[in-house]
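Engineer: Respectively, the protein sequence lines represent chains A and B.
First residue of the first sequence: 1, per the numbering used here; consecutive thereafter.
First residue of the second sequence: 1, per the numbering used here; consecutive thereafter.
If you are wondering where the hints come from, they were derived from the structure by calculation, not from laboratory data.
Fair warning: there could be bad hints in the mix.
Unchecked claim - Restraint-style ranges between C-beta atoms, simulated for each label pair:
id, chain 1, residue 1, chain 2, residue 2, range
1, A, Asp186, B, Glu75, 49 to 55 Å
2, A, Gln7, B, Lys65, 30 to 36 Å
3, B, Gly114, A, Glu71, 51 to 57 Å
4, B, Asp223, A, Ile114, 38 to 44 Å
5, A, Pro214, B, Glu15, 57 to 63 Å
6, A, Asp213, B, Arg121, 53 to 59 Å
Glycine included, each C-beta is placed from N, C-alpha and C at the ideal position.
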Amino acid sequence: MWEKMAQGKTIAFHSYKGGTGKTTLISNLAAYYAMRGMRVCLLDFDLYAPTLSMYFRKQPTVYLNDLLRGETETKGKIDISEVLMDLSAELGLSGKLYVGFSSSGKEDINEIEIKHEQKWQLAAIRRFLSAKNQLFEEYGIDYLLLDTSPGIRYWSINSLASADQLFLLMKNSDMDIEGTKKMVTDIYESLTRFGSKYFIILNKVSGAFNVNDPGTVKEERALEEELEKNIGAKIVGSIPCFCDIQFSKHEFLFAVKQPEHPFSKKLVALAENIKNLG
Amino acid sequence: MNSKDVFPGSSRLVEGKPPCASLLLIGQSGVGKTIFCKQFLRNGLVYGEPCIYVTTNESPKEIGKSMKRFGFNVELEKGANTFRIVDCYSWKLGSQGESEYFVSNPADLSVVLGVTEKAMRGLKNIRLVFDSITGLTSISHHGIVDISKFLQILVAKVRLAEGNALFTVDPEAHDQQFMSFLRQAFDGTLEMKKEESGKEMKRLLRVFSLKEAKHKTSWIPFDITDHGINVKSDVELRCMMCARQIEWKPHVEVIGGKEYSFDSPECALTYRKLKSLYGEYFE
Numbered sequence: 001m002w003e004k005m006a007q008g009k010t011i012a013f014h015s016y017k018g019g020t021g022k023t024t025l026i027s028n029l030a031a032y033y034a035m036r037g038m039r040v041c042l043l044d045f046d047l048y049a050p051t052l053s054m055y056f057r058k059q060p061t062v063y064l065n066d067l068l069r070g071e072t073e074t075k076g077k078i079d080i081s082e083v084l085m086d087l088s089a090e091l092g093l094s095g096k097l098y099v100g101f102s103s104s105g106k107e108d109i110n111e112i113e114i115k116h117e118q119k120w121q122l123a124a125i126r127r128f129l130s131a132k133n134q135l136f137e138e139y140g141i142d143y144l145l146l147d148t149s150p151g152i153r154y155w156s157i158n159s160l161a162s163a164d165q166l167f168l169l170m171k172n173s174d175m176d177i178e179g180t181k182k183m184v185t186d187i188y189e190s191l192t193r194f195g196s197k198y199f200i201i202l203n204k205v206s207g208a209f210n211v212n213d214p215g216t217v218k219e220e221r222a223l224e225e226e227l228e229k230n231i232g233a234k235i236v237g238s239i240p241c242f243c244d245i246q247f248s249k250h251e252f253l254f255a256v257k258q259p260e261h262p263f264s265k266k267l268v269a270l271a272e273n274i275k276n277l278g
Numbered sequence: 001m002n003s004k005d006v007f008p009g010s011s012r013l014v015e016g017k018p019p020c021a022s023l024l025l026i027g028q029s030g031v032g033k034t035i036f037c038k039q040f041l042r043n044g045l046v047y048g049e050p051c052i053y054v055t056t057n058e059s060p061k062e063i064g065k066s067m068k069r070f071g072f073n074v075e076l077e078k079g080a081n082t083f084r085i086v087d088c089y090s091w092k093l094g095s096q097g098e099s100e101y102f103v104s105n106p107a108d109l110s111v112v113l114g115v116t117e118k119a120m121r122g123l124k125n126i127r128l129v130f131d132s133i134t135g136l137t138s139i140s141h142h143g144i145v146d147i148s149k150f151l152q153i154l155v156a157k158v159r160l161a162e163g164n165a166l167f168t169v170d171p172e173a174h175d176q177q178f179m180s181f182l183r184q185a186f187d188g189t190l191e192m193k194k195e196e197s198g199k200e201m202k203r204l205l206r207v208f209s210l211k212e213a214k215h216k217t218s219w220i221p222f223d224i225t226d227h228g229i230n231v232k233s234d235v236e237l238r239c240m241m242c243a244r245q246i247e248w249k250p251h252v253e254v255i256g257g258k259e260y261s262f263d264s265p266e267c268a269l270t271y272r273k274l275k276s277l278y279g280e281y282f283e
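Isolated chain A, as found in the complex (with noise of 0.2 Å):
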């Protein structure tokens, strides 16, 4: 069992494009650390293709959608309770694990992406930051966990400026690694100035087959440090391309469920590295 710490920490899960693994990883991070007795929770942010209610397979009846229109308003005071589901003790976890789900209804999406004008999106930022500072203040979250939108959008924007450490997913692949390197440019590199850190974390990597061979496992550090060079960030996780977890039906919090299997023990790991990060 972890310690509490002292401060809370607003982590940002982020990429270029789609596809790298995101939701999986974030939730599966998630419960780790609520399964090591931490107070965590977890808002889908992906706000414009939302994933989170279909991997947890849940059908919430208020959505963060609602707190962002200030529908979870009391007396002039954002309350995000009626959001969150507490799923800690049907995974059996010895933590709080919150979620908080987005609406994948399509005028919901609408709402976000086109309805409405900078005046309700900045009132919708306030809202989430007041939310933010209650789940620290009442809920005593260890880790506030934004699964976000890819690329360059104003949800990910607003997600990755209210985080103290920003995670860059992607695969290796030219495609990833140039839109990574432009997103550093635009964006992660602004965020620095104020005290940001960003980190890379390579998912879906070739070679699962071979984890505890010595020769993969110096090509892999190899890969890496040339990665590393290449887009001026820090790795601190490299996950492998698991088929069975890639291609199945429903991959499930394969880290609460099934700790021996090689993708819990690399993401054991990498949740460890963010720890110790401080």
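Go by the hints and put chain B onto chain A.
Structural biologist: Chain B in isolation, oriented as in the chain A frame:
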């Protein structure tokens, strides 16, 4: 609710983190003392502090039910040994009580003390609620010297455990001399009262005294909501970033030559980040 609060509203009433203290909570019946105490314990449980509830007014079952309102399963907390109920109530029902810390004869102060000490044994950074002094003294007639000795020992034990404690009392049930004595016995005093104006009833809270802390002394309104006690602010200043009402002192920063007030340095930082990304569109 604000878990950073040591007691409900402390961030609004006390500057900085209040020191560890045993406080007397004075208020007439029905003003909200018991719910205030439960919220005080709930805030402790969030931070993993062991909590002890000495009750003369409710059964452990009733306490468990009401703590659920704050999202705490007392059964689980009891299993984890972080929540202990010293039951000075169930004897009234003629039952033995299910609590490991059942007090069969609360009229005997040494028994109450013994069981409470047992519940506190080996624990540090505890939170203790004694609800209530009025309930205890109504069971049997104790002289002021006996009560004084009893409370002094308990306060010393809480201090030794580097804990925080709340002791409740209904002033209408005691004479002036007893109340004056109580005010002296603790590190500080919180007061609650109800005020009626027209058809409305207002609840008010104040810190009457608190050793080694800078605090407001004015009466601050509070509500009892479904989620617990909500202590309101006496000033109307909102954070430039999250738009929340600023509780104590604003965090002020000059950005682009203009002075802005924020709820916290974190809000100021987020504002700066968003401003750098969106430029003039972010105001």
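Engineer: Evaluate each hint against the coordinates.
Structural biologist: Now the hints, each set against the structure:
1. Taking the beta carbon of each, aspartate 186 (chain A) and glutamate 75 (chain B) are about 52 Å apart, inside 49 to 55 Å as hinted.
2. Range check, glutamine 7 (chain A) to lysine 65 (chain B): about 33 Å between beta-carbon atoms, so the 30 to 36 Å window is met.
3. Look at glycine 114 (chain B) against glutamate 71 (chain A): about 53 Å separates their beta carbons, and that is inside 51 to 57 Å.
4. Evaluation of the 38 to 44 Å hint for aspartate 223 (chain B) and isoleucine 114 (chain A) yields a pass: the beta carbon distance comes to about 39 Å.
5. The hinted range of 57 to 63 Å is satisfied by proline 214 (chain A) and glutamate 15 (chain B), whose Cβ atoms lie roughly 59 Å apart.
6. Roughly 54 Å separates the CB atoms of aspartate 213 (chain A) and arginine 121 (chain B), a value that falls within the hinted 53 to 59 Å.
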